[in-house]
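Input sequences plus hints: build the corresponding full structure.
2 protein chains.
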Amino acid sequence: MSDMPKSIRIREEGPREGFQIEKNFISTERKIEFINALGKTGLHHIQTVSFVDPRRVPNSADAEAVVAGIIPVPGVHFTALWLNDKGFERALATKKLHMEGGLNVSASDAFLKRNQNRTVAEQLASLPASIALYKKHNVPIEGGLISAAFGCNFQGDVTPARVVDLATQMIDIGAGEGVTLKRLNLADTMGWATPMGVKRVVGAVREKFPALELCLHLHDTRGMGVANAFAGLEMGVSLYDAACAGLGGCPFAGHAGAAGNVCTEDLVFMCDEMGIETGVNLQALIECAALAEDVVGHPLPGSVMRGGSLKRLREKLQAA
Amino acid sequence: MSDMPKSIRIREEGPREGFQIEKNFISTERKIEFINALGKTGLHHIQTVSFVDPRRVPNSADAEAVVAGIIPVPGVHFTALWLNDKGFERALATKKLHMEGGLNVSASDAFLKRNQNRTVAEQLASLPASIALYKKHNVPIEGGLISAAFGCNFQGDVTPARVVDLATQMIDIGAGEGVTLKRLNLADTMGWATPMGVKRVVGAVREKFPALELCLHLHDTRGMGVANAFAGLEMGVSLYDAACAGLGGCPFAGHAGAAGNVCTEDLVFMCDEMGIETGVNLQALIECAALAEDVVGHPLPGSVMRGGSLKRLREKLQAA
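Protein sequence lines, in the order shown, are assigned to chains A and B.
Reading the first sequence from the start, the letters are residues 1129 to 1448 in the numbering used here.
Reading the second sequence from the start, the letters are residues 1129 to 1448 in the numbering used here.
There could be a bad hint or two in this list.
For chains that are exact copies, the list does not tell them apart, and a pair is met inside one copy or across any two.
[Stated by the list, open to error] Restricting the straight-line Cα-Cα distance to at most 16 Å, the calculated cross-link-like pairs of lysine to aspartate or glutamate (EDC-like) are:
1) Lys-1134 - Glu-1405
2) Lys-1439 - Asp-1285
3) Lys-1444 - Asp-1285
4) Lys-1439 - Glu-1415
5) Lys-1214 - Glu-1192
6) Lys-1336 - Asp-1300
7) Lys-1264 - Glu-1217
8) Lys-1263 - Glu-1305
9) Lys-1310 - Glu-1270
10) Lys-1263 - Glu-1228
11) Lys-1264 - Glu-1228
Hint data in this document are derived by calculation from the structure and do not stem from the laboratory.
Note that the coordinates shown come from a computational prediction; the quantities given were computed from them, not determined experimentally.
Set out below in structure tokens:
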């Protein structure tokens, strides 16, 4: 366990991932209330909304209004998601968001064909245009993301060699455009990873790119989220995407155990108990998780929000 | 990861743990239906009922009738729980159960005081009488169990040294009565364990008793169940208690994320994907989990029952 980091950073994706999949429209006020509550937990990076077509994602229709309601907090990055130039320009126009460019590529042709009607080769070929757009607006590009990095529901398993190859192509394309990628997000978009799989992929990428900071984006579709994060910790990974209360992208939302991203407060709890700093106040985060359930109006899959923090329990025992 | 076992065994506790906490009475027929379905999954050890006071546990009132309905399966041990001599004698009288004696001790005086109104010292002092009862009925004693081995809601943290000390006392008392304990169950009764905690306690016990087989009983109260099991696998532990669909002992039953034991099919899924044999048919187990939800009448926290097996997905992709 010598590689275990002393501290990690968490990028909260609950508001964006959680609200976009809800069928009922959540009021702008309640979205803002949740985001501002998260802003007080110690989380330094909160993805708030997506600038996408509201005909496809009805809960994204009020993205500008939600961003307008965010109360800035020093040191906290409020961010957004976009999928094309128009969405990027809408995010930029708010003048309130932390803007960061990213290069995305999927490890699965079948997934990409289905979702964006293009091949991985075509996606790679489009990266220089993305870079040019970010450069034009002076938006820094620090990270890349490989989706379906552990497997794909429409194509099957993805080998570590495939991930290393895609990372290499991405880094080379960036370098060709004068961009040095400092960070790579390995996304288990469809819940194919296991702890050993995480170790294998992280190990393979790190062997080739030892200086690259790795981030894990772990969907909890098959209940492996926290275990996969632990495997990441054992590999020294110190950056994780997560979603408060386990909010997020799952067609079974509302069912017990259904799952988007790994649950933020469960991850923070594990780190707290293992002596790994997160900078996040667990109790405040648990209160946000309860608020999230109230806002969406149905149970969410987080565990610590129900089981409670041990730190608080210890304080009560000591006071007794 | 060199200690990772090639195969593990799982002791299913779903029927006993899951039904006993339900407020509504579940019909005898449906209990039997679920147990007999589990009997066809490849699980070799299924804890079916508890012989306890039905005034305290209404769903245990039909224990004898449930056992009478079990269809024997060669190689499958159907077992039961009891808490005193009377319960043991009721189990024995069914003449249908696999009978195995066990020595139990709690790592927490506060927990024991609250539940059984006695101290740990008194509990240890009572072990010879338990051994005598089992001997009288020719019931073998192979294992011991330490409850609250990772912490206690009423007392706080439990150190690995405390667990080793209790194991030592238990083993010595057994030896004094001519019983050699071959197995020790480390029970995280109240969900205090983390993966690092599992590694520390397992490591400390194994260092003193290298020949003792260890079992982990991991409640998922704070979402650490699967991660804790993975830590156990990394330490070479090859015996786990688990509950189909995540059935079990939790006052929040019916809520998403509420949790008893670690979910059997989630554990089997992780092992399948990491090349560790369990002897269990995951698809059959997923069907049992769906049946369990139908029997209790509310969602249960298992994930793979919703996310689905990857083995099946791969077969579909290959056939397409």
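Have a look at Lys-1214 and Glu-1192 and pick one of within, between, both or neither, based on CA distance no larger than 16 Å.
within (13 Å within a copy, 68 Å between copies)
At most 16 Å between alpha carbons: which applies to Lys-1310 and Glu-1270, within, between, both or neither?
within (5 Å within a copy, 55 Å between copies)
Is the C-alpha distance from Lys-1263 to Glu-1228 at most 16 Å within one copy, between copies, in both cases, or in neither?
Within one copy only: 11 Å inside a chain, 71 Å across chains, cut-off 16 Å.
How would you classify Lys-1264 and Glu-1228 at a CA-CA limit of 16 Å: within, between, both, or neither?
Answer is within: at 13 Å inside a copy they meet the 16 Å cutoff, but 73 Å across does not.
Alpha-carbon proximity context of Lys-1263 and Glu-1305, limit 16 Å
Result: close within a single copy only, 10 Å intra versus 79 Å inter.
Is it within a copy, between copies, both, or neither that the alpha carbon of Lys-1444 lies no farther than 16 Å from that of Asp-1285?
Intra 48 Å, inter 13 Å, cutoff 16 Å: inter-copy only.
16 Å Cα cut-off: does Lys-1336 pair with Asp-1300 within a copy, between copies, both or neither?
within (13 Å within a copy, 53 Å between copies)
Classify it for me, Lys-1439 with Asp-1285: is the Cα-Cα distance of at most 16 Å met within a copy, between copies, both or neither?
Only across copies: Lys-1439 and Asp-1285 sit 11 Å apart there, 40 Å inside one copy, limit 16 Å.
Give the relationship of Lys-1134 and Glu-1405 under a CA distance limit of 16 Å: within one copy only, between copies only, both, or neither.
Result: close within a single copy only, 6 Å intra versus 34 Å inter.
Are the CA atoms of Lys-1264 and Glu-1217 at most 16 Å apart within a copy, between copies, both, or neither?
This pair counts as within: shortest intra-copy Cα distance 11 Å, inter-copy 81 Å.
Cα distance capped at 16 Å. Does Lys-1439 pair with Glu-1415 within a copy, between copies, both, or neither?
within (15 Å within a copy, 38 Å between copies)
Every hint from the earlier list agrees with this structure, and none is contradicted.
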